[in-house]
Amino acid sequence: MKYLTILAALISPMAALADPPPADWDAVLAEAKGETVYWNAWGGSTTTNDFLAWVGERVSEDYGVTLEHVKLTDTADAVTRVLSEKQAGQNDDSAIDMIWINGANFAAMKDADLLFGPYAEQLPNWALVDVEGKTVQTDFTVPVEGYESPWAMAQVVFVQDTADMPERLGSMQALQEWAQANPGRFSYPQPPDFLGTTFLKQVLVDILPDPSVLEAPATDENYDEVTAPLWAYLDALTPNLWREGKAYPATGTAMFPLIADDEVDLSISFSPGAASTAIANFELPETVRTFVLDKGTIGNASFVAIPYNSGSKAGAMVVANFLMSPEAQARAQDPAILGYGTVLNMDALSAEERAVFDGLDLGVATLTPAELGTVQAEPHPSWAVRIADDWVSRYGVAQ
Amino acid sequence: MKARRFLPLLPMITLLAMIGPVLAGLYGAVLPAFGHLPAAGLFGPSLAPFEALFAWQGLPRAMFLSVWIGLASTTISLLIVALIMAGWSGTRSFTVLERMLSPLLSVPHAAAAFGFAFLISPSGWISRALSPSVTGWDRPPDLLIVQDPWGLSMIAGLVIKEVPFLMLIALAAIGQVDTKRSAMIVQALGYRRLTGWLKTVFPLVYAQIKFPIYVVLVYAMSVVDVAVILGPNTPSTLSVQIVKLMSDPDLGMRLQAAAGALVQLFLVIGALGFWLIMERVVRRFGLAWIGTGQRGKYDTITRQIGLVLALFCAFSVSFGIASLAIWSFAGYWGFPDFLPDQFILKNWMRHSDGTLEALGETVLIGSVATLTALALTIGCLEAEYRYKLRVTSRGMLLLYLPLLVPQTAFLPGLQTLMLNVGLGVGRGPVIFAHLVFVLPYVFLSLADPFRAWDARMGTIAAALRASPDRVLWSVRLPMLLRPILTAAAVGLAVSVGQYLPTLLIGGGRIETLTTEAVALASGGDRRAIGVYGLMQTAAALVPFSLALLIPAIVWRNRRGLRHG
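Line order of the protein sequences matches chains A and B.
By numbering that gives the first Met the number 0, the letter at position 334 of the first sequence is numbered 333, and the numbering carries on one by one without gaps.
By numbering that gives the first Met the number 0, the letter at position 433 of the second sequence is numbered 432, and the numbering carries on one by one without gaps.
Don't read these hints as lab results, they were simulated from the structure.
Beta carbons are placed, not taken as given, at the ideal position from N, Cα and C, and that holds for glycine.
Honestly, I wouldn't trust all of these hints.
To be verified - What follows is a set of in silico ranges between Cβ atoms, one per label pair, in the way DEER data are often shown: (1) B/44 <-> A/163: 54 to 60 Å; (2) A/237 <-> B/272: 56 to 62 Å; (3) A/163 <-> B/89: 52 to 58 Å.
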């Protein structure tokens, strides 16, 4: 018995040390003070990098948390990193404290038990989040279950240079016809790049009479039949693509220089405000506008997740909570800064907070929330994986 | 006495610093290639990863591209260097060309590739200069120039960077060969300049620079950043595919990546073998050609071709960098405008903090790694000289291991190893990882000039009662000042250019100019790439200028040593 007491005494402080309880917010704040949070986030966009730097300044002022932005070219690098650490038995002080994540990367990490949580719905600012209207509790149909917290909404928009292409297009069929009339003036990022894969999903969602079949995982039985119209569509489109589909831009942002160079007239983006921001930064001509399809376009949320072995979980939660604050959300939505959609429910905000959002000048090329129309749900990740693989064998190895 | 005990151990320590991490990392690659990755819940052995890799339809083409691009770019680079040195060395044009090409060596591959892509693309600078006045284009033509399926623009992009590299290595080596008298003799025998040089000096120079040539070959076969910017992507080269597989969110893909890495390794070994065979073939034909006694009928035209090609390299890189500079100050810059609408400082102001921090990190890591590498290298070579340790060709092969093994194959495994021994991530391990790549380059740059040093100088000094240490410090090292500085500059340039080791071993926490620039490259923001590319170029340019400048100043009154 005596030994048991000693044992219990030995164990209890360790248990207290282990993980900060998200529900006890004061304890989290106390523990977060002085911590350094390494946020691994894609570093390919200067505007995003500037926004993250601003977040760092703010959390340092208010909470004494130091935020370091680790710039990734690919979020999967961070997944790989956490996996290597687990392999090496590095279970308590990861190089990574927070990851900008969604979709397949999240599914992979959640599946492999590499994430800390659930924590998201215990954060104080969760009360302000628009749970009803925005897809923040499922991530590409995978249940989030509090293992990541949302901070931005993205929706597919088409980016057109009205100097060369005055009219918007209402459907994927219209795009096909336009490309036939204007060969070589459209391209999309090369799948498996996520924006390129999104374009493929957008085609499928738009041309299928009933896209609800995509909500369930793809099966060997239904995959060929469901995707057949997509391949027929692409077979017709590819010869009319930029470079006849023999080369593709590597990423979504690499599309903007192509428009500025007048190599293409039409492109897609996952950020409704990105075109306005790019115009302000001289990266796109002032004649650029955006549009969505008549039936709407695909949208999803960007999240942050905390690795199971982070040494600064409290600090990371403080940052995650700050990202959902009205202050950070309004700044992210400002097209002069970032132009990302907010995850907040306007009705949950105070009048002053709402006024900040209402006062934003969304920019010449940004659609209003009403104009953005219906947000279509992301298909189950299994579709994206198979479609991207199939695309690679059909068009990615053409030579 | 101390030195006596310590010095003979240095070769072992050096080898360990280079080989240990590679072997450990390879071990970490071989296991997943055969289906063993416990962290992802996969247990081998199985051949499934290879089967999956071979099932990818792009594989034959990707393998072909790696081999073709590697061999073609290396051969062309070597030819240009041989032609230019044969046709023009010793002339005033050559001095001018040398001054133009040498600084270009320091331009990082990614920056050069970006500049080159902007020059030659249908909406690029050349096209803008001629549009619409000459071409009549008010929109760029839909032509597949950059990322062409045969990798021609990638080959060109590699050649313009490898010519300066091989040229500097050849210049460093040429001091060890008595070129002046050979040239005089063959010219007295009636040989034209180019033919005479090729027949007498080239074989000697080639023997000294063949290792750097193998390095170029291996590099060209497995390079990732240049391939992403200029290379084909339907499909891409094998290395790019491996990196893509490595970064797939499906953790199981790492098995396929490991299998691909082993395939890449065998391709590299095969290509090197092919090159060695070709060396013999060329030697046989070369001997026959020397035997004919031809004095050089086509010398004049061949010389001109060599000069034009070398100038093409010099201008491509220079104008590419100039375009980066303009982009870094550019406001809106659409086609077909030759210059931007307005010049702005916003891009630089936006990035000033980031670039300066990254510059400090880059310089710190590079200097520590290079100084360590130099100390180890000189120690090894001196030990070899004093104790008559013979380095066998097998020993040399070990030296090549870090450069023969594609980085993507062994770095993740290395990362796991470092974590296991408690080294963790951070600056120290990154310097250690850089050393793995810096050491061989420094060793290879320095070994041949060091060994070719005329040992009779040492004998004379010893006869004057100089101790072995004094011979080293007061005679040998000063005489070898130029190759030592060149080796240091090469080491720094290698360190500045390292991307994967910095990213993986630094856990992403170490931000150098290169990791920042490559991260930005994926976003295609030419203004930011311009800023970082220029800073990156400057970080490597300064050491190379010093490598040229210091010997000229120190030996301003010792003419015979200026090329030594």
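How the hints compare with the structure:
no.: 1; hint: B/44 <-> A/163: 54 to 60 Å; result: holds, 57 Å
no.: 2; hint: A/237 <-> B/272: 56 to 62 Å; result: violated, 40 Å
no.: 3; hint: A/163 <-> B/89: 52 to 58 Å; result: holds, 56 Å
Checked against the numbered hints above, the structure breaks only hint 2 and satisfies the rest.
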